[in-house]
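Participant: Each chain, letter by letter, is given below.
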Amino acid sequence: MDYTLDKINSIINGRLIGAGNTSITGVASVENAGQGDITFIKDDSLVDKLLASETTAAVIHREIDGFQKPAIIVDNPFHSFIKFLETIAAERNAQPCGIHPSACVSKTATLGANISIGANTVIDDGTQIGDNATIRPNVFIGRDCVIGDNAFIHPNVVIYEQTTIGDRATIFPGTVIGADGFGYLQKDGKHVKIPQVGVVEIGNDVEIGANVTIDRAALDKTVIGNGVKIDNHSHVAHNAIIGDNTILVAYAKIAGGAVIGKNVLIAEDVGINDHAVIGDNCIVGGGSNVYKSLPPGSVVWGSPARPLNEEKKIQSIIKRLPEMRQKIKDLEKKAQAGNQLSVIGNKHIP
Amino acid sequence: MDYTLDKINSIINGRLIGAGNTSITGVASVENAGQGDITFIKDDSLVDKLLASETTAAVIHREIDGFQKPAIIVDNPFHSFIKFLETIAAERNAQPCGIHPSACVSKTATLGANISIGANTVIDDGTQIGDNATIRPNVFIGRDCVIGDNAFIHPNVVIYEQTTIGDRATIFPGTVIGADGFGYLQKDGKHVKIPQVGVVEIGNDVEIGANVTIDRAALDKTVIGNGVKIDNHSHVAHNAIIGDNTILVAYAKIAGGAVIGKNVLIAEDVGINDHAVIGDNCIVGGGSNVYKSLPPGSVVWGSPARPLNEEKKIQSIIKRLPEMRQKIKDLEKKAQAGNQLSVIGNKHIP
Amino acid sequence: MDYTLDKINSIINGRLIGAGNTSITGVASVENAGQGDITFIKDDSLVDKLLASETTAAVIHREIDGFQKPAIIVDNPFHSFIKFLETIAAERNAQPCGIHPSACVSKTATLGANISIGANTVIDDGTQIGDNATIRPNVFIGRDCVIGDNAFIHPNVVIYEQTTIGDRATIFPGTVIGADGFGYLQKDGKHVKIPQVGVVEIGNDVEIGANVTIDRAALDKTVIGNGVKIDNHSHVAHNAIIGDNTILVAYAKIAGGAVIGKNVLIAEDVGINDHAVIGDNCIVGGGSNVYKSLPPGSVVWGSPARPLNEEKKIQSIIKRLPEMRQKIKDLEKKAQAGNQLSVIGNKHIP
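Residue numbers (our numbering), protein chains in the order written: chain P, 10 to 359; chain R, 10 to 359; chain L, 10 to 359.
No lab work stands behind these hints: they were computed from the structure. Among these hints, one or two may not hold up.
A pair holds if it fits inside one copy or across any two, identical chains being indistinguishable in the list.
As the list claims (entries may be wrong) - Keeping only pairs whose Cα atoms sit at most 30 Å apart, straight-line, the calculated DSS-like set for lysine-lysine is:
#1 K336 <-> K116
#2 K322 <-> K16
#3 K230 <-> K336
#4 K328 <-> K78
#5 K92 <-> K328
#6 K336 <-> K321
#7 K238 <-> K116
#8 K238 <-> K342
#9 K230 <-> K301
#10 K238 <-> K58
#11 K336 <-> K322
#12 K328 <-> K230
#13 K196 <-> K342
#14 K342 <-> K116
#15 K321 <-> K238
#16 K301 <-> K321
#17 K16 <-> K202
#18 K342 <-> K322
#19 K328 <-> K58
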């Protein structure tokens, strides 16, 4: 990257102090910024770090005494800095339009305008790719899929037959969408596969991390709502439904037929039991296992998951279990002594 | 899909009621079936849903008053419906025979009859592919592997050198078989790799989900028995042995050298310690960590895993820990009071 | 493989007893060794197994009465056997030099001497590949990466833009390095992506298993130190730092900004909270969740993780909770009886 401060300010629209032709060749946190970098501080708590920094320029929320370097002053430096980062990231992600000669695109696929299809990517029969979509190398998209406008599919993603993906979806490498759900019937001591003939339907503005799996439904649909964000190594099993704007942090384990509401936050390494219904706006703490349905707005933690305050209380008691056990021993001794006393006492009671 | 009811009945052999030329273009659950669909109900518990459904036809277990639509009557609608689903799934999975021109198949590989090898797939020297095997695009199969008859290897699977896979195996995308086990020797404060020169041997009728890893043995073999089913994101470490017909649900973590018996059910997100021996017919509940060996037929749960009833009892007590703690406090108060009483009492004892 | 004992001894430099021209066609553990194999025993504890073995030859630590087969005697049979295994493994891993005609290597990439680039591998603009590096088929390496000398990148690995990987790195299939970290800003009830414009920097002598993900930093770097070993299915989130020679066993979940010291052992299925600081030489037991920072040398276990002895004590008490509850009940009964006695007693007290 190579920007002038003037150029950066034209993106974030702040008040520029210092030389607008200052050359910026990198971005960094205030702790790590050096020669050529632009950084930001979100508020006064980082002023000392800014003053100690070797950064070339900064996005800040007010003029700062003793900071002599070029700066852009804005109301919300974090938000404004993100605007600039969006420009950098878009630049980094930009791919040449067109279809790489080594890609295998079916003649019956329908391709939107301004698409980019990378090397060795396979797009099978009847699949539609939306306008401005980017499909990077070594991707496989099976038959009769629909990929929305402005989708960005990273390398080595597999999207299986009949999957629908909305606009502006981003899917990171190694993720597999539409593989068979895990369903068997026990018959004569053997496991007979229940064919998985449903589909996966993914909404708009969804982002899915790396090495995630979202299985196709047995019948009907596995559904990922609009605006859902799914982190690496997560698994959404067959027929699960994830509501709009819900977040699944890494290693979310959503079992078959579970229904997760809208605006739910599932923290890292959480298991949701099959067919559990998690209401809107729930928060599930990291490492939890949710075995039962949760009403909307629940805040739970633990394994099995309990209301957060209850779990915290229980955890604080578990920590003191050795002490509790000692108290019981002490009480037993006293009771023993008391009994003896009673016995002695009894003797003396007329 | 486009079937007539007559055609469907020719597959499932029931008693057809209504127009055999009715066109069926989809399958769905009784809750979601609509125009053009065929659905099923497994028993009387779903009759009301069937009557309320907009399905075009149904597979049912008896004539139902008020259900005016075409139907196929069979003894076990679930099993019969699965037969039809198998037909649909086979249709969906069918691939053209032959080797895609972009595939790289070694001249020293041995290829069975009627195989299908997809685009960009690499098959290395000395590897044998069985009859009727389907290898989809972007697959890598290393040297000297054996892939059985009727195997179905999905896109982006990696099968490493000297792996043996039995007949009718299905392996879903992103799965890696035969990568090195994780073994190091500590020497002068550094980790020296123990070369992993064993192999992986997979039996017949095995199904392996997406993004699974099965590591090659250090020496000897990692073994997956006949009829084993392994769900997404699972990991079978070096030298582990999985007995016939065992099921590993998602995120099974089978550590090095563990020996899992036959017909074991490992539920989701279970860890089995290295070298633990899990007897035949065990059931391990979801989220458990099994640190010790288990005799055949054990049913365990928890972390560390305990006999199910014991763990349930413990869990029910943990829930009441705050109450228990209060009781101890009350007892302490009473004991304190009792002591005082005793002291008072003592005074009165002559 | 096909070696003579003479040849093997030329690698491990021991004292050969028996026919040097004995042909060895396999390696196996003492339990499984058979015709044509060479095996080893690490010490006297396995002498009985060796005598019962059908191996053709063995590497042993002393002459053993009754063992009539050819043998190589060395000080440390395990270490010497590993030397031989290294030779076998190197042989198995060896790839032909050159660039496969189906690989897509950018004209602006810089390629070292004696490299091997496999079929369908994509190497993007500005990337440098070190001398003697092996990049196997279906790999994607994005723009402006640096891959060190003697690196070995297995099939279907994805290495994203601007990643730096040191010398002698080994990366197993399905692993994704440099995908975006998981960071969003809440704005008007929606999740706005925080662009991830940092990088990943990986040191020398690092080994990374299959289906691992290492995310790029939001700003600055995600760092994997020299000599780090990472097992399958692990996840290192954005801006995490892993110190030299640290080991992450399978399913390590290192959250954003966590700092792990040097020579740390993170056992299987451990979660480390975001921004937690784990000191050098810590050991974290399998299945733990570490929510807080740990001083150097800590040995912890559990969820939440506690000092090992404390957790063991707590676990041993949890096991006896039913008994504890019974004791409290008994104490309550006695207290009840005691009260009655007191009441009775009181009556008698003048």
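Participant: All hints are to be evaluated individually against the structure, with a verdict given for each.
Facilitator: Against the structure, the hints:
When the C-alpha separation of K336 and K116 is checked against a cutoff of 30 Å, the pair qualifies neither within a copy, at 78 Å, nor between copies, at 76 Å. For the identical chains of this complex, K322 and K16 are neighbours neither inside a copy (54 Å) nor across copies (62 Å), given an alpha-carbon limit of 30 Å. For a Cα distance limit of 30 Å, the shortest separation of K230 from K336 qualifies neither inside one copy, at 56 Å, nor across copies, at 51 Å. Proximity of K328 to K78 under the C-alpha cut-off of 30 Å is found in neither arrangement, the shortest distances being 52 Å within a copy and 59 Å between copies.
For the homomeric pair K92 and K328, neither the shortest alpha-carbon distance inside one copy (46 Å) nor that between copies (48 Å) is at most 30 Å. Taking identical chains as interchangeable, the C-alpha atoms of K336 and K321 lie at most 30 Å apart whether they share a chain (22 Å) or sit on different chains (19 Å). Taking CA atoms no more than 30 Å apart as the test, K238 paired with K116 passes in neither setting, with 33 Å inside one copy and 36 Å between copies. In this assembly of identical chains, K238 and K342 lie within 30 Å of each other by CA distance neither inside one copy nor across copies; the values are 58 Å within and 53 Å between.
Proximity of K230 to K301 under the C-alpha cut-off of 30 Å is restricted to the intra-copy arrangement: shortest distance 22 Å within a copy versus 40 Å between copies. For a Cα distance limit of 30 Å, the shortest separation of K238 from K58 qualifies neither inside one copy, at 33 Å, nor across copies, at 34 Å. Proximity of K336 and K322 under a CA criterion of 30 Å is satisfied in both settings, with 19 Å inside one chain copy and 16 Å between copies. In the homo-oligomer, the alpha carbons of K328 and K230 never lie at most 30 Å apart, since the shortest distance is 44 Å inside one protomer and 37 Å across protomers.
In this assembly of identical chains, K196 and K342 lie within 30 Å of each other by CA distance neither inside one copy nor across copies; the values are 59 Å within and 53 Å between. Taking the closest pair of Cα atoms, K342 and K116 never come within 30 Å of each other, the shortest separation being 86 Å inside a single copy and 83 Å across copies. Proximity of K321 to K238 under the C-alpha cut-off of 30 Å is restricted to the intra-copy arrangement: shortest distance 28 Å within a copy versus 35 Å between copies. Taking identical chains as interchangeable, the C-alpha atoms of K301 and K321 lie at most 30 Å apart whether they share a chain (19 Å) or sit on different chains (15 Å).
For the identical chains of this complex, K16 and K202 are inter-copy neighbours only, at 22 Å across copies versus 59 Å inside a copy, given an alpha-carbon limit of 30 Å. For the identical chains of this complex, K342 and K322 are neighbours both inside a copy (28 Å) and across copies (22 Å), given an alpha-carbon limit of 30 Å. With identical chains, the CA atoms of K328 and K58 are never at most 30 Å apart, being 38 Å at best within one copy and 47 Å at best between copies.
The earlier numbered hints that this structure contradicts are 1, 2, 3, 4, 5, 7, 8, 10, 12, 13, 14 and 19.
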